[in-house]
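Colleague: Dock chain B with the ligands against chain A, hints included.
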Amino acid sequence: MDLFGDPAQWLPFTFAGLMGLSILIYVILDGYDLGVGVLFPFADDAEKDRMIASIGPFWDANETWLVLAVGLLLVAFPAAHGEILTALYLPVAIMLIGLIMRGVAFEFRAKAPAPYKPLWNNVFFTGSLLTSLAQGFMLGMYVMGLDYTWGHFAFALLTSVFLTVGYSFIGATWVIYKTDEHLQRKAIGWAKGGIWGLVLGIAAISLATPYVSPRIFDKWFSFPQILLLAPLPIVSGALVLALWTMLRRMPFLNDRMSWLPFATASALWTLAYSGMAYSFYPYVVPDKMTIYESASAPESLWIILLGTCIVLPTIAAYTFLAYYIFRGKATELRYD
Amino acid sequence: MMETLLLSRIQFAANISFHILFPTITIALGWVLLYFRLRYNRSGEARWMEAYGFWVKVFALSFAMGVVSGITMSFQFGTNWPGFMEIVGNIAGPLLAYEVMTAFFLEAVFLGIMLFGFSKVPRWLHTTATALVAFGTTMSTFWIIVLNSWMHTPQGFEMIDGVAHATDWWAIIFNPSMPYRFFHMMLASFLTVSFLIAGVSAFRWLIGGRTQGVRAALTTSLWVAALLIPVQIFVGDMHGLNTKEYQPAKVAAMEGVWETERGAPLLLFALPDDEARENHYELGIPGLASFILTHEWDGEVKGLNEFVAEDGTPLHPRVAPVFWSFRVMVGTGVLMLLVSWASVALMLRRKSDGEGRRGVEGLPKIWLFGLVGMTFSGWLATLAGWYTTEIGRQPWLVQGVMTTKEAVADVPAPMVLSTLIAYLVVYAILLGAYITVIFYLARKASRGEPVMEPRRAPEATAKSIPAE
Ligand code: HDD
Ligand code: HEM
Ligand code: HEM
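So the sequence lines, in the order shown, correspond to chains A and B. Residue numbers for the first sequence follow our numbering, beginning at 1 and rising by one. Residue numbers for the second sequence follow our numbering, beginning at 1001 and rising by one.
The set of hints was computed from the structure by calculation and includes no laboratory data. Certain hints may be false.
[As the list claims (entries may be wrong)] Quick list of in silico lysine-lysine cross-link-like pairs, DSS-like style, CA-CA up to 30 Å: (1) B/Lys1365 <-> A/Lys186; (2) B/Lys1120 <-> B/Lys1351; (3) B/Lys1120 <-> A/Lys329; (4) B/Lys1351 <-> B/Lys1365; (5) A/Lys219 <-> A/Lys288; (6) B/Lys1120 <-> B/Lys1244; (7) A/Lys288 <-> B/Lys1405; (8) A/Lys117 <-> B/Lys1244; (9) A/Lys329 <-> A/Lys117; (10) B/Lys1444 <-> A/Lys117.
Bound-form chain B, shown alone:
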């Protein structure tokens, strides 16, 4: 049984980690495409259509990956976690149902029109379809985040015979951690997409595809990143304060604090040891953790030792993974801040003759390589953030209501192992293919092959590209 639990957890983590990669892209990319589309509608400038034409392909590919891995997710509950639905199904069920009904169908149907309807429907309808797809992905995010947040900060229900029954839907939907998690996730998606666009555009620029469309995409994405990252850090901080109130054990693990203390240091490095219940090789900035969490230099931070049962079993998550994933996320965030602000500063420098700004030409070659290196930094931060959140909730599945162990199915362990291996193999191959194809498309576009120019626009030539 224990082994089945462990394997099912690994399998769930693998599946959701794979799934989340693609929604993180589609959620924001939908809106970015709408922006390109609207800029084109207003100005008629070909560069916006060129940007649209390239990124809509990445969108289509990401969307397909998101859909198929999402279908896997919805079966997981039944195959591996039947207890989840039996105990909290009355609450989780309607939320999932609303996601399917208000979001999935909307996206799926209008995606067809958005991708293949350009020359079949009037311009306004195509723009509307693009807007509806973007709206649909945002609705998906909303509902699934509502459910996930409810699992962290449950309210608005009562337990009758061990089964949760809803008493107040408003309280369930607007549970205390939902707003923070929703905005933090939306921003994470926009940042992921900005760095993706910046990285791929920098790559195209480097290999010689210096078109107006690439220039437009590169500048737009760097500006978006520079504007949003401070907001993200601010929201992340608020999120942490909220977590401190509702899940203090998680925060203690994130900060690596064992004993409740005043003036706790912000640990930059430490090796938390769950056996010895202490940190090795601590390196920290005195008082900063207290300051961040309580906004007072000698504020009190609860330590992990407060969350131990009478008999010594810990009621907090394993510390090291939470501690480290949190640092990976925040570290990536800080790097994003530095890179995006410096990029904007470089682009805003005046040209040597003093006429206007340097724009993309202001970015040195080595800097562009750096941007290429950051292409998937959003994925890293997002995964790290989710690992902090989800592992930090253990041993609870629904905080204070049910543990992960109560939900697991008694499927034989070898069966779970076999499917786990199969999924991992498929995911590894697909991830490789996905990244390869994106860069292949970038190379192909840089050779000037397909440049999307609308067939029906009067000023455009008759050249057009197939849906590749």
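For reference, chain A alone in the conformation it holds in the complex:
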């Protein structure tokens, strides 16, 4: 058991890592399909069907990463789990209702009588929008340390808008990848608009985090760390620049490399996210509770870890299988 040193140390660390990873995978994967929902009003009816087709086989599995993330929070850090979720009671409820709306609208829009389709399209859009806004709000509140003051509230409203625009940006890059012709060109336009939301969002959070917490300030701006951290903003800046130039030239000849904006956007999210993870470590409840204080008993973490080592690679394998089967441009969704 003590093969790698004290399990009370490395087990919480490992689980924080796993949880972080599933949140990251979630925000990229569900980020694009939420984004596609947020972009719905900009598309005409045929385009809406196509956009739905581009996320149809994937959205359910994408949402499962959220279940895994909250599951890991719940199983590995039970005390923090209660603290965070009770503090975020209302935004969580709004997000859940949003998720319910979009999940069912996805099915109903295709199955209900034709006159109701526009109604369910609206439900799909509203659900996606509510979910994104609520998640952005929670992100903002979390950065602000989960206590409610007017200032924090205002900041959280800001991040909720930025995250929504960010999701629609990554959603647009997904549409660029999965479609062609007119819709693809439209999506390139959406992406060009959306990128600014992303940039502003990352900037706002990067500026606010050290401002709110002196601990994080020190962590960033004290000497050797600042050198190690410097590549983060520099590479991010380069990625934004790259995205901007490629979007201006797209679509490329023969639709080559239409996946590139999506891949670059994912890389950008990953960087921004690592920056945040670095700032908050070792806290799960900012400046209140560390991962070590709130971790479950080692024997319980062990039994989960054991399963994870076997199951996670399997999940990865069949997820790749699904993306491989549904590779290429989205076609009409058919059950046959």
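Modeller: Showing chain B with the ligands alone in chain A's frame:
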């Protein structure tokens, strides 16, 4: 605080009741679809594919409802019941984690292939995907039932500083009530699906959609129901005996027995009164309750008065809801037995010319209407059964370990009330839409519009239907 507790309980009950409706359908429907699929693979007969094509849509819709309401469930623990995870998280956590890892991902990923991959993947892979989705839903059921059963009959742990620590995972997973609860739930799901398929197929038959696919679905579902309902009643009886051993207070409430007695009657009707601690207007069959519970006519049944603390606070649940929900479940079960057996008997009658059996034509019109009326009877029995189980456990959340009150969050009551109302509104609308759309699809199919015929099968025509 008290109000927050009450509201949180109502909210939890509303959310889980809504959630359970859809898994109850998907758990068994997955296997039924696999059966249709395999019959088609073997025989190549279009009717099996037609049945598959219709029911896979209902499956997709139910699955989406199950997923989104399930996500709500997993957040509930944190938002409303933080104490639950703090005290028994070391045990509940790993069980939930295994559910996510071994079941949810499996279902979610292969669902995409099952629904949209028909013409993209080889036949064997599509069949495998269908099988894996069915297997995944069964695994979900297994893990969540393990957790739920552990809350009723906890073992394999020790309390250290007020927190449960696992000592024996084998004992936790195979806790005494788990096998009964698991099989009873699986059977409940199959019965719910049988009556759903029978009801919707009868509806289609009545409005003129008399295709071979409808005929196949109707006969299959009635046979499944007729075969499984006796098993369900048997398992239910065993379940009750198990409960008598581990949760005698619950059984006393189910039977409405206040004083410990020998030769207790089986009450068909009574109005249990928690204040007066007695029943009004009792009507019962003498000795039968004792016989069912102990298999002896004068066996002893413990009464509720044994479960009262020194100072008079009851240590048993409120009697009326447990008593009545139990009767609703058993009543529905008996009705299912009568209806399914009579249906099979009607179908097995010989044709008037003596050549072969009458099959679906043997069912009179009024009988078909009756089947339509029973479409959602499985939901009724399942909900009633869960209410018996869960309310019967109160005031405990984990029997003998923690009470429900210890788990609740101190979120302000108005906040809980506002979310409760929001959920109720959403659920009411969605339930209405769900039922309407199922019958809409049935009407549409009966007009002969979409009949699913595989594109790639050589003998089929090129007609095909979109994923609606
Ligand atoms: C189609 C659904 C259905 C039908 C027809 C029945 N049940 Fe049931 N019953 C359930 C669906 C169900 C359920 C919803 O699935 C429950 C709740 C928890 C569980 O495991 O099963 C349940 C619970 C449950 C319990 C409570 C166990 C506990 O203490 O936790 C008992 C004693 C029975 N059942 C007994 C019966 C009997 C004697 C039946 C004979 C007619 C019967 N059930 C029919
Ligand atoms: C298997 C997973 C389940 C778990 C882990 C679980 C857990 C819980 C918890 C935490 C409570 C306490 C909150 C409360 O008292 O309201 C509860 C109560 C309750 N549950 Fe369950 N439950 C499960 C399944 C179900 C199902 C499927 C149903 C019904 C369809 C159900 C119906 C209820 C009801 C009605 C109460 C309220 C009892 C009361 O407050 O008097 N439960 N359950
Ligand atoms: C408190 C208890 C419960 C929680 C936290 C919970 C959680 C969830 C979640 C998160 C999902 C969505 C999975 C996905 O993303 O694919 C789900 C689906 C499912 N749940 Fe539950 N659930 C609970 C109770 C139950 C009960 C009592 C049953 C059945 C006995 C059940 C059976 C299923 C099944 C079969 C599915 C997958 C099929 C479907 O979505 O219809 N769950 N649940």
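Colleague: Take the hints in turn and mark each one as holding or not.
Modeller: Do the hints match the structure? See the list:
In summary, the hint linking B/Lys1365 to A/Lys186 is not supported, as the alpha carbons are separated by about 56 Å, beyond the 30 Å threshold. Distance restraint check for B/Lys1120 and B/Lys1351: the Cα-Cα separation of roughly 45 Å exceeds the 30 Å cut-off, and the hinted pair is therefore not satisfied. Only pairs whose Cα atoms come within 30 Å are accepted, and B/Lys1120 paired with A/Lys329 is accepted, the gap being roughly 13 Å. Proximity of B/Lys1351 to B/Lys1365 is assessed by CA-CA distance (about 17 Å); at most 30 Å being required, the pair is judged to hold.
Taken as a hint, the A/Lys219 and A/Lys288 pair is honoured in the structure, with Cα atoms around 17 Å apart against an allowance of 30 Å. Using a Cα cut-off of 30 Å, the hinted pair B/Lys1120 and B/Lys1244 is violated, with the two alpha carbons roughly 53 Å apart. A distance of roughly 26 Å separates the Cα atoms of A/Lys288 and B/Lys1405; the hinted pair therefore holds under the 30 Å criterion. Of the supplied pair hints, the one linking A/Lys117 and B/Lys1244 is violated, its CA atoms being roughly 52 Å apart against a limit of 30 Å.
The straight-line distance between the Cα atoms of A/Lys329 and A/Lys117 is roughly 24 Å, inside the 30 Å bound, and the hint therefore holds. Taken as a hint, the B/Lys1444 and A/Lys117 pair is honoured in the structure, with Cα atoms around 16 Å apart against an allowance of 30 Å.
Violated hints, listed in ascending order, are 1, 2, 6 and 8; each of the other numbered hints is respected by the structure.
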